[in-house]
Amino acid sequence: MATVAAGTRLVAIVGNPNAGKTTLFNALTGSRQKVGNYPGVTVERVSGPLQLASGSVECVDIPGLYSMSPVSEDERVAVAAIRGEAPANRQPDLLICVVDASNLERNLFLFSQVAELGIPTVVALTMVDRLESAKRLLDLSRLSNLLGVEVVPVVGHKERGIKDLLEAVDRAFESPQPPDVDFTLSLETKAKIASLRERLARSGEDFTKRELKDKLQSESNDLASYAKDFPEIEEVYVRALDAVTSDVEPTPEDDSSYRYGWSTMVSRAAISEPGDPGRKTLTDRIDHILTHRVWGMLVFAGVMYLVFQSIYSFAGPLMDGIDWIFGKLSGWVGPMLDGAPVLQSLVVDGLIGGVGGMLVFLPQILILFFFIAVLEGTGYLARAAFLMDRVLGWCGLNGRAFIPLLSSFACAIPGIMAARVMPDVKSRLATILVAPLMSCSARLPVYVLLIGTFIAPKYGPVWAGITLFAMHLLGLVVAIPIVWFLNRRVFKGTRLPFLLELPPYQWPKWKDVWLAMYFRGKVFVTTAGTIIVLMSVLIWGLSYFPRSNEATTRYEQTFERQWVETEKQEPFGDKYKSAQDSYVAEQQLANSYLGRFGKTLEPVFVPAGFDWRITTAVLSAFPARETVVPSLGIIFNLGGDVDEGSVDLQQAINRAKWPDGRPLFTVWTAISLMVFFALCCQCMSTLATIRRETNSWKWPVFVFTYMTALAYLASVGINFLGQALR
Amino acid sequence: MPLMRDSVMTFSELKQGMRVRIVGIHNDSPEARRLKEMGMTVGTTLNVVKVAPFGDPVEIDLRGYRLCLRKKETLGFDVEPVE
Ligand SMILES: Nc1nc2c(ncn2[C@@H]2O[C@H](COP(=O)(O)OP(=O)(O)O)[C@@H](O)[C@H]2O)c(=O)[nH]1
Ligand SMILES: [Mg+2]
Chain Z
-2 MATVAAGTRL VAIVGNPNAG KTTLFNALTG SRQKVGNYPG VTVERVSGPL QLASGSVECV
58 DIPGLYSMSP VSEDERVAVA AIRGEAPANR QPDLLICVVD ASNLERNLFL FSQVAELGIP
118 TVVALTMVDR LESAKRLLDL SRLSNLLGVE VVPVVGHKER GIKDLLEAVD RAFESPQPPD
178 VDFTLSLETK AKIASLRERL ARSGEDFTKR ELKDKLQSES NDLASYAKDF PEIEEVYVRA
238 LDAVTSDVEP TPEDDSSYRY GWSTMVSRAA ISEPGDPGRK TLTDRIDHIL THRVWGMLVF
298 AGVMYLVFQS IYSFAGPLMD GIDWIFGKLS GWVGPMLDGA PVLQSLVVDG LIGGVGGMLV
358 FLPQILILFF FIAVLEGTGY LARAAFLMDR VLGWCGLNGR AFIPLLSSFA CAIPGIMAAR
418 VMPDVKSRLA TILVAPLMSC SARLPVYVLL IGTFIAPKYG PVWAGITLFA MHLLGLVVAI
478 PIVWFLNRRV FKGTRLPFLL ELPPYQWPKW KDVWLAMYFR GKVFVTTAGT IIVLMSVLIW
538 GLSYFPRSNE ATTRYEQTFE RQWVETEKQE PFGDKYKSAQ DSYVAEQQLA NSYLGRFGKT
598 LEPVFVPAGF DWRITTAVLS AFPARETVVP SLGIIFNLGG DVDEGSVDLQ QAINRAKWPD
658 GRPLFTVWTA ISLMVFFALC CQCMSTLATI RRETNSWKWP VFVFTYMTAL AYLASVGINF
718 LGQALR
Chain W
3 MPLMRDSVMT FSELKQGMRV RIVGIHNDSP EARRLKEMGM TVGTTLNVVK VAPFGDPVEI
63 DLRGYRLCLR KKETLGFDVE PVE
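If you're matching them up, the sequences are chains Z and W in order. First residue of the first sequence? That's -2 in the numbering used here, and the numbers climb one at a time after it. First residue of the second sequence? That's 3 in the numbering used here, and the numbers climb one at a time after it.
Looking at chain Z on its own, in the form it has when it is part of the complex (with noise of 0.2 Å):
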């Protein structure tokens, strides 16, 4: 992001949940910030420089707010922004308000209560496209002269009235002007204070509609005096006066009916409703369907399934094409090297082997991605988070846990900081500390290779979507009753209630879409690629190192030994070459550094089905489990190009063998190291995340030891239920 400097006059972008700020804030600053059709997509204050005609100011986009009295932590963020207090501790020199006209009277209540701080404010009128389409007729100049300001429409992602409110803007900082707005008045008497004001200017007093009105109401009014001279100003003065005092003092018990009063006022003012509101739209016409309490619940499991079953079976040819070059690659590289043995290994085992078997998860991230990307740009999710409300009732969360969670599948990192919606402490923290057992992409690397292992060979194609699927729903069935326990015995405090807004359905935009897979793409290889690579370049030195030839030679000869007395056959031909370099192969990673820290805790995870190979890949991708496909290659050593599509690794771990001559995997420990991936807490990314977000080292440290106990144990019991079963 491009910086500002300091002394800069700022900008801010306020408004409702889902009003369009981001997608406004994108269109002016030229910024790709994250758009998403249901509200809580921005959580963070983001800022970017605006270029005006009078030059650069800077302009932040603060996430939505109903109203100036904060409920949850994105809206105090929100509201610590427009008053400019902490962390800022700068007050806006201009609010762009961001009102809905689609959703006029709802919007324009916050734009009440920001019109009340007295910062100049321009409107950018956003959705006015669906008030063509409904065939709504908008009077701009009419709802500008009710709002006291300037009112700009525009459609963001079309780029529709961005030079017009640039415009406006730098029209506003030329003359600063606060909102004038003045909800306890009937339109009637606003109008005739206007005349009065208009009148009292041509005779050179210049008052603005407020002073009139204070003077107007107060007992004793200088204007009085002044306007029985003037019979031309007294007759306006009069009219004024009387529609003041006779004004039906609207008498509401409280301060929101006030300004509801206010704003149904301006917004039935302002757009004309054309034909019978009871007609149905189409977002009416497909919730029949898809908020539906049969049809509804069975879309959206249909709608869960297919994202994975897609994710499998598109995924595939892709991995395969990335496979094919990493492989052809090595191939070529792997013999220029042929001099120099240690450092052949360094660049086909662990450089080339690294980045592709980083690379091979790309196409399953996109995917992901991009179905996360539709989902929230129709509007579905809202819909997903209905639905699943009374489930998520059940343990204390509520549906809008589910928006968070949900995000949590593509990364935690994204959900965990989702949950800044969350409204009261209680279920936030709820969510942040369930967010890392839903299973994110990096996991879907394990996956794919055991499935494609053990499941789709045995049992085809259904039962892998199937499977893959549960592995998906697994994090989710857990979380139910940790939430439930953590809500009984853990946390204090109330539970605010559940409210989400459900906007109506749109088409997807297609840029967003793109933007988001692009982005976690990018972000994937850069973060998430480095740490795999250096990751595997260390797992291959602790697995090459200590080399010997000495050691070498004396494997060669004890498999000499071997296969003569127990093969009955001379030590030659070309089956007898490919065992002993297998045999030599196992020797030298079981005396690796590596070979020997796996071993030491094998004990520990045998009870799970897992020899010391799988342990030492399960424990090295602690720090990142994106790391644990590239181990598992270079652990069953095979080099290079490893990745969860190679049917050499899947074969591999088919062959493996536990030194008693059973098959190391069956498809129980497949299971077993699926569901130990699924549960356990392996990146150190999302335990930074969490310390951040709650500002404490004690829910980290209780999430990494609630989810490794949990896979330690589950995985030992699927182990033993599998033993019990044969």
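Do not take every clue at face value.
Keeping only pairs whose Cα atoms sit at most 35 Å apart, straight-line, the calculated DSBU-like set for lysine-lysine is [stated by the list, open to error]:
#  : chain 1 : residue 1 : chain 2 : residue 2
1  : Z       : 132       : Z       : 695
2  : Z       : 225       : Z       : 206
3  : W       : 74        : Z       : 277
4  : Z       : 132       : W       : 17
5  : Z       : 132       : Z       : 155
6  : W       : 74        : Z       : 423
7  : Z       : 654       : W       : 17
8  : W       : 17        : Z       : 423
9  : W       : 73        : W       : 17
10 : Z       : 455       : Z       : 325
11 : Z       : 519       : W       : 73
12 : Z       : 132       : W       : 73
13 : Z       : 277       : Z       : 508
14 : Z       : 225       : Z       : 212
15 : W       : 73        : Z       : 277
16 : W       : 17        : Z       : 695
Don't read these hints as lab results, they were simulated from the structure.
Since the structure of chain Z is provided, determine the placement of chain W with the ligands on it from the hints.
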């Protein structure tokens, strides 16, 4: 205040397809305040668009937008059917 009429109901009695008006709010909690800030003020007309699979939450149409909330959390809001 027309509170003693027989037709006055609480939120928990809402059924899908009903059209009601808020006639009284007897709740000063922060939760109730937030509902008022979302537009649920006395005199507002609501349409009950959907009731979720297990009876809660409900989707209501008010002031031209759709809000989803739980019946059992909407305490102290008295409503009356309108045609
Ligand atoms: N039809 C229409 N959709 C819009 C407009 N502006 C934003 N959107 C969509 O409304 C949703 C919410 O937008 P976003 O910018 O994330 O809103 P925010 O929550 O206020 O930041 C997204 O799906 C946008 O694509 C607009 O002017 N017209
Ligand atoms: Mg936003």
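### Message
Tell me if the straight-line CA distance from residue 654(Z) to residue 17(W) falls inside 35 Å.
### Response
violated, 63 Å
### Query
Between residue 73(W) and residue 17(W), does the CA-CA distance stay at or below 35 Å?
Distance of about 10 Å is within 35 Å: holds.
#### Entry: Restraint check for residue 225(Z) with residue 212(Z), where alpha carbons must lie at most 35 Å apart
holds, 15 Å
### Query
Given the proposed pairing of residue 132(Z) with residue 73(W), does the C-alpha separation stay at or below 35 Å?
Status holds; Cα separation ~34 Å.
### Query
Is the straight-line distance between the alpha-carbon of residue 74(W) and that of residue 423(Z) 35 Å or less?
holds, 19 Å
### Query
Are the Cα atoms of residue 74(W) and residue 277(Z) separated by 35 Å or less?
holds, 28 Å
### Task
Verify the proposed pairing of residue 132(Z) with residue 155(Z), using a straight-line Cα cut of 35 Å.
Roughly 19 Å between the alpha carbons, so the hint for residue 132(Z) and residue 155(Z) holds.
### Query
CA of residue 73(W) to CA of residue 277(Z), is that 35 Å or under?
Within the cut-off at roughly 24 Å; holds.
### Query
Are residue 519(Z) and residue 73(W) close enough, with their CA atoms no more than 35 Å apart?
Not OK: residue 519(Z) and residue 73(W) at ~44 Å, beyond 35 Å, violated.
### Query
Do the alpha carbons of residue 17(W) and residue 423(Z) lie within 35 Å of each other, as the hint requires?
Given pair residue 17(W), residue 423(Z) holds - Cα atoms ~30 Å apart, limit 35 Å.
### Task
Would you check the hint for residue 17(W) and residue 695(Z), treating anything up to 35 Å between C-alpha atoms as holding?
The hint is violated at about 45 Å.
### Message
Need the status of pair residue 277(Z), residue 508(Z): alpha-carbon distance at most 35 Å?
### Response
Cα-Cα ~29 Å, so holds.
In the structure shown, a violation is registered for the earlier hints numbered 1, 7, 11 and 16, in ascending order.
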